[in-house]
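There are 4 protein chains.
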Amino acid sequence: MLEHIAFIGLGNMGGPMAANLAKAGFKVSAFDLSPAAQERARAAGCSIAKTPAEAAIGADAVISMLPNGDICESLYISNGLLAALRPGTLVIDSSTVSPATSRRLATAAGKHQLRFIDAPVSGGVAAAAAGKLAFMCGGDADTVEAARPLLAAMGANIFRAGDHGSGSVAKICNNMLLAVHMIGTAEALALGVQNGMDPKVLSEIMLKSSGCNWSLEKYNPFPGVMEGVPASRGYQGGFMVNLMLKDLGLALEAAHSTGASTPMGSLANSLYALFRQQEADGGNLDFSGIQKLFYKPSAG
Amino acid sequence: MLEHIAFIGLGNMGGPMAANLAKAGFKVSAFDLSPAAQERARAAGCSIAKTPAEAAIGADAVISMLPNGDICESLYISNGLLAALRPGTLVIDSSTVSPATSRRLATAAGKHQLRFIDAPVSGGVAAAAAGKLAFMCGGDADTVEAARPLLAAMGANIFRAGDHGSGSVAKICNNMLLAVHMIGTAEALALGVQNGMDPKVLSEIMLKSSGCNWSLEKYNPFPGVMEGVPASRGYQGGFMVNLMLKDLGLALEAAHSTGASTPMGSLANSLYALFRQQEADGGNLDFSGIQKLFYKPSAG
Amino acid sequence: MLEHIAFIGLGNMGGPMAANLAKAGFKVSAFDLSPAAQERARAAGCSIAKTPAEAAIGADAVISMLPNGDICESLYISNGLLAALRPGTLVIDSSTVSPATSRRLATAAGKHQLRFIDAPVSGGVAAAAAGKLAFMCGGDADTVEAARPLLAAMGANIFRAGDHGSGSVAKICNNMLLAVHMIGTAEALALGVQNGMDPKVLSEIMLKSSGCNWSLEKYNPFPGVMEGVPASRGYQGGFMVNLMLKDLGLALEAAHSTGASTPMGSLANSLYALFRQQEADGGNLDFSGIQKLFYKPSAG
Amino acid sequence: MLEHIAFIGLGNMGGPMAANLAKAGFKVSAFDLSPAAQERARAAGCSIAKTPAEAAIGADAVISMLPNGDICESLYISNGLLAALRPGTLVIDSSTVSPATSRRLATAAGKHQLRFIDAPVSGGVAAAAAGKLAFMCGGDADTVEAARPLLAAMGANIFRAGDHGSGSVAKICNNMLLAVHMIGTAEALALGVQNGMDPKVLSEIMLKSSGCNWSLEKYNPFPGVMEGVPASRGYQGGFMVNLMLKDLGLALEAAHSTGASTPMGSLANSLYALFRQQEADGGNLDFSGIQKLFYKPSAG
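Going down the list, the protein sequences come from chains L, F, Z and W.
The opening position of the first sequence corresponds to residue 7 in the numbering used here, with each subsequent residue numbered one higher.
The opening position of the second sequence corresponds to residue 7 in the numbering used here, with each subsequent residue numbered one higher.
The opening position of the third sequence corresponds to residue 7 in the numbering used here, with each subsequent residue numbered one higher.
The opening position of the fourth sequence corresponds to residue 7 in the numbering used here, with each subsequent residue numbered one higher.
Don't read these hints as lab results, they were simulated from the structure.
Be a bit skeptical, because a hint or two may be false.
One copy or any two copies: either way a pair holds, since identical chains are not told apart in the list.
To be verified - Calculated lysine-lysine pairs in the DSBU-like style (CA-CA distance at most 35 Å, straight line):
id, residue 1, residue 2
1, K33, K117
2, K29, K302
3, K214, K33
4, K214, K29
5, K29, K138
6, K224, K138
7, K252, K224
8, K29, K252
Keep in mind that this is a model prediction, so the values were computed, not measured.
Between the sequences and the hints, there should be enough to build the whole structure, so can you do that?
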């Protein structure tokens with residue numbers, strides 16, 4: 007029975023995820039260093055712990071949503087959190103980390119008779135708030151099933167990607183592909199416009215043709231084509247370039263360590279890094295802002 | 007009234023297009039140099055002309071489906087076909103050519119009081135046979151409307167992309183984007199597999215996530231994931247690498263002439279050219295065969 | 007005997023080349039549309055012709071230095087200049103054009119019993135003024151020898167690259183490689199600086215190591231490292247980005263038409279095009295200005 | 007006074023380096039796990055230690071030449087070698103590692119009052135044997151000076167790159183640039199040959215023009231152009247693709263961690279990874295073998 011849940015990391019994603027767990031009736035003991043994040047979690051019905059250990063010891067499940075793999079490994083391994091948990095505890099790491107980190111966490115968890123899955127998410131802040139995240143889970147099928155009630159309280163799609171680490175693999179493959187078709191879409195729209203086309207008309211045609219992709223359909227990067235997307239509000243909000251670069255870094259690290267060649271993914275990474283250098287505050291813009299590398303309205 | 011139609015160029019695409027016109031009740035006078043193509047057209051109900059001029063002079067509309075822009079310009083301009091047509095004749099060029107070629111044809115047609123549209127297609131040989139092509143039309147709205155009964159006999163979607171040349175622009179932008187997400191998809195699948203994932207599971211996850219795109223959904227390049235696509239039959243059939251390279255050449259030419267920067271499109275072009283050199287008979291394989299650059303089953 | 011020389015095209019390169027011929031004692035009849043260019047040529051000892059034909063008819067040799075291949079083909083072929091020359095006249099085209107253009111000119115010249123070589127140059131405006139250009143000649147060995155006295159008056163190195171067109175091939179291969187190592191050098195210097203190194207020290211080390219290349223040795227793109235180069239004067243003067251893009255366009259056209267794959271050259275082209283869009287007046291900056299894509303002093 | 011030297015890591019590079027130290031009169035206590043490497047070192051006049059600690063404790067200087075940064079950090083930090091050394095001992099790490107690793111080693115050495123420099127080398131196995139390596143040193147100037155007698159026994163050029171980590175920065179910047187101009191050279195030569203040129207003639211012209219670079223001058227990748235280089239012996243020997251990929255991985259890691267954009271370097275990395283997958287035993291071929299991606303003699 008999963009009743010007492012520890013939630014560690016209450017940022018833009020973790021905060022609403024913990025809130026949705028509390029809303030679904032779980033007893034959530036939450037930890038974050040930020041007083042503001044603590045306050046929001048308290049208001050959402052979580053109790054606030056002073057340390058990760060206070061939150062986690064004795065819990066039925068521990069969920070973490072942390073900024074990177076070093077912090078995860080430090081929390082769980084170097085600082086001994088895994089060693090302090092009751093055997094059988096379910097540990098779900100939803101942080102976006104390298105497959106290697108996920109596998110090291112899984113191995114360490116196994117030594118302490120814990121049940122572990124890596125379960126990174128896709129969908130962004132809006133999906134986190136709405137409880138509509140997708141979870142990409144790595145671990146044995148039984149453990150993924152055991153985690154399902156918790157994941158279902160936070161998300162709409164729960165995929166088992168494979169063994170430990172596969173959740174992280176699926177996440178970084180997906181986001182690398184996303185970066186590639188976002189830039190490809192931005193290039194194609196700029197090419198069309200520079201050759202005299204209306205970006206709306208071109209978008210409509212490609213949506214019904216073989217150029218169709220998620221960036222074009224849900225997240226058109228050209229200003230003025232689609233309402234309600236970052237391109238229509240100066241690329242504010244959304245999925246920041248800094249986060250895309252973090253994910254691309256994980257993808258390229260996984261490629262390097264397994265000998266895979268990813269020329270398009272690598273170029274996408276270089277173009278995002280270049281964009282961040284060229285554009286004031288570029289790292290904090292939405293990743294569809296890459297459109298500005300290829301087309302500047304004033305230069306039209 | 008469009009009754010007598012000249013159709014010039016009866017290859018893999020033009021042949022079934024002419025046949026569908028005949029089937030729809032138009033009187034089609036067709037021309038091609040190949041006796042086999044002539045024979046097929048005759049069997050489909052077309053009459054066969056000995057020269058393009060014999061087919062076209064006196065026709066209500068002329069449709070061409072030729073291998074490249076040089077041949078189009080030679081036929082219509084240098085060899086004087088436009089000059090020989092009756093003023094008011096509708097001229098539809100469905101060949102995939104550069105926007106510059108389309109505009110030169112339009113200008114030349116205008117001088118002879120002809121009505122011209124560029125109307126390249128997407129959908130491939132299967133769609134041509136089934137009368138399900140998409141037409142991307144460049145020209146004034148009245149002329150596109152005038153052409154609609156003919157296009158509707160051959161296709162399912164008729165888009166007006168904009169003024170003369172815009173049909174060609176839309177076609178090459180779309181196909182450049184297609185090349186980019188096909189290679190991105192192939193890279194992502196290979197990266198996943200080299201990190202231990204099942205390509206089917208990874209495909210299913212990305213289909214429901216932000217990595218989704220036409221290549222993944224309709225044309226999965228990884229062998230064994232999807233039935234009925236070239237990847238499941240050794241990359242035979244489909245849309246040849248040679249044709250993709252032709253279209254990418256047109257896209258890069260349009261980028262060069264308008265100062266557009268297309269790093270992902272250019273890299274896609276280089277990778278297809280490299281694939282053609284590395285792989286025996288690579289130019290005649292389907293364009294999803296690019297998967298082999300990134301993953302060799304035997305090397306798995 | 008080469009005595010009367012027609013020189014067509016008196017721009018930044020052609021002007022000083024014609025002047026050097028006059029200085030060496032040749033009787034130079036020069037043509038250009040620009041009155042200012044005419045005036046400079048007159049001052050340098052050339053006589054000024056009102057038309058290319060007036061300059062060229064009866065000359066022992068015709069030299070052209072024109073902006074692009076279309077203008078060359080128009081002058082020599084469509085406008086009939088080749089047809090108007092005396093059989094045996096030596097025709098030297100020093101314009102940077104595609105190998106295909108060079109071969110068409112050679113073929114047309116041959117039909118009129120003229121002796122033709124393509125002889126594009128390297129070295130830039132300074133070398134043109136100093137008579138220190140390098141000529142890359144395509145044509146039969148006898149004709150290259152026949153041209154040597156003229157070329158020697160304008161240049162310091164005369165290479166026979168091979169048959170007709172080979173001069174143009176050598177030129178575009180060289181400049182593509184130049185673009186690649188210039189950008190590679192800019193990237194390496196920026197990477198070093200962003201990791202704490204002094205660009206001068208890093209340049210000195212790489213000059214004596216395997217990273218050494220012409221851009222690093224003669225034309226360091228990082229501001230403040232080398233005196234007397236464009237990087238030390240805000241990238242003014244030198245070899246303009248617009249011209250590099252023209253040459254890269256010719257290289258990629260030659261690659262496309264022969265099926266060659268040039269991923270690094272294509273990426274260099276995309277990055278220069280991107281630079282031209284990002285940077286105010288970027289097309290008129292020296293090509294070493296690409297450094298600014300990778301490192302902005304203010305951002306340091 | 008530097009008299010007793012510990013040398014740890016006696017591979018293809020470390021073996022001859024230790025031998026040159028012994029030859030120069032230093033008392034070298036050497037360690038390696040491989041019995042064959044031990045035997046060669048003994049024959050060259052070194053004494054063989056059973057553990058790194060046995061070699062290093064009490065030595066005046068410790069030099070390491072190890073396969074990667076993890077092994078270095080494990081040896082010096084986790085396994086406590088630094089803690090066991092006498093204060094004031096000179097520690098020279100010549101392994102190619104990330105700047106971050108070099109800085110962590112320097113910091114750890116500082117805590118134990120040791121003098122540390124990172125001093126990776128360039129020049130390869132032949133230069134190691136001949137005592138002609140170049141050392142790129144990171145550390146304070148006094149320590150670099152103190153190390154000079156040792157380095158001079160193994161190398162011909164000793165550069166101080168800057169503070170701790172700068173030796174590693176210089177090494178990876180240089181090798182990234184080397185990869186870029188090697189591939190650029192291979193592309194340019196293939197483009198020329200596919201357009202009808204003799205690769206020898208094209209090489210000669212570019213050597214005297216702005217395309218000149220170390221790969222073209224010392225290490226021509228096209229078979230049959232230059233004697234005594236890997237291209238003339240089936241790309242056997244030399245600097246292996248696997249090692250170039252290791253160095254490119256370090257460069258891209260340094261770029262990622264400092265936000266630098268290296269599109270050409272990243273593409274070079276992708277192309278080498280692709281080459282290793284396409285070519286049987288490609289990882290063990292010399293890095294100039296990348297020529298085979300662009301030109302296959304049999305396909306000529």
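Each hint tested on the structure:
For the homomeric pair K33 and K117, the shortest alpha-carbon distance inside one copy (27 Å) is at most 35 Å, but the shortest distance between copies (47 Å) is not. For the homomeric pair K29 and K302, neither the shortest alpha-carbon distance inside one copy (45 Å) nor that between copies (49 Å) is at most 35 Å. In this assembly of identical chains, K214 and K33 lie within 35 Å of each other by CA distance solely across copies; the values are 31 Å between and 47 Å within a copy. Proximity of K214 to K29 under the C-alpha cut-off of 35 Å is restricted to the inter-copy arrangement: shortest distance 26 Å between copies versus 41 Å within a copy.
When the C-alpha separation of K29 and K138 is checked against a cutoff of 35 Å, the pair qualifies only within one copy, where the shortest distance is 14 Å, while the shortest distance between copies is 50 Å. In the homo-oligomer, the alpha carbons of K224 and K138 lie at most 35 Å apart both inside one protomer (16 Å) and across protomers (26 Å), since each shortest distance falls under that limit. Both within a single protomer and between protomers do K252 and K224 lie at most 35 Å apart by alpha-carbon distance, with minima of 22 Å and 30 Å respectively. In this assembly of identical chains, the alpha carbons of K29 and K252 lie at most 35 Å apart only when taken from the same copy (31 Å versus 49 Å across copies).
In summary, the one numbered hint that this structure violates is 2.
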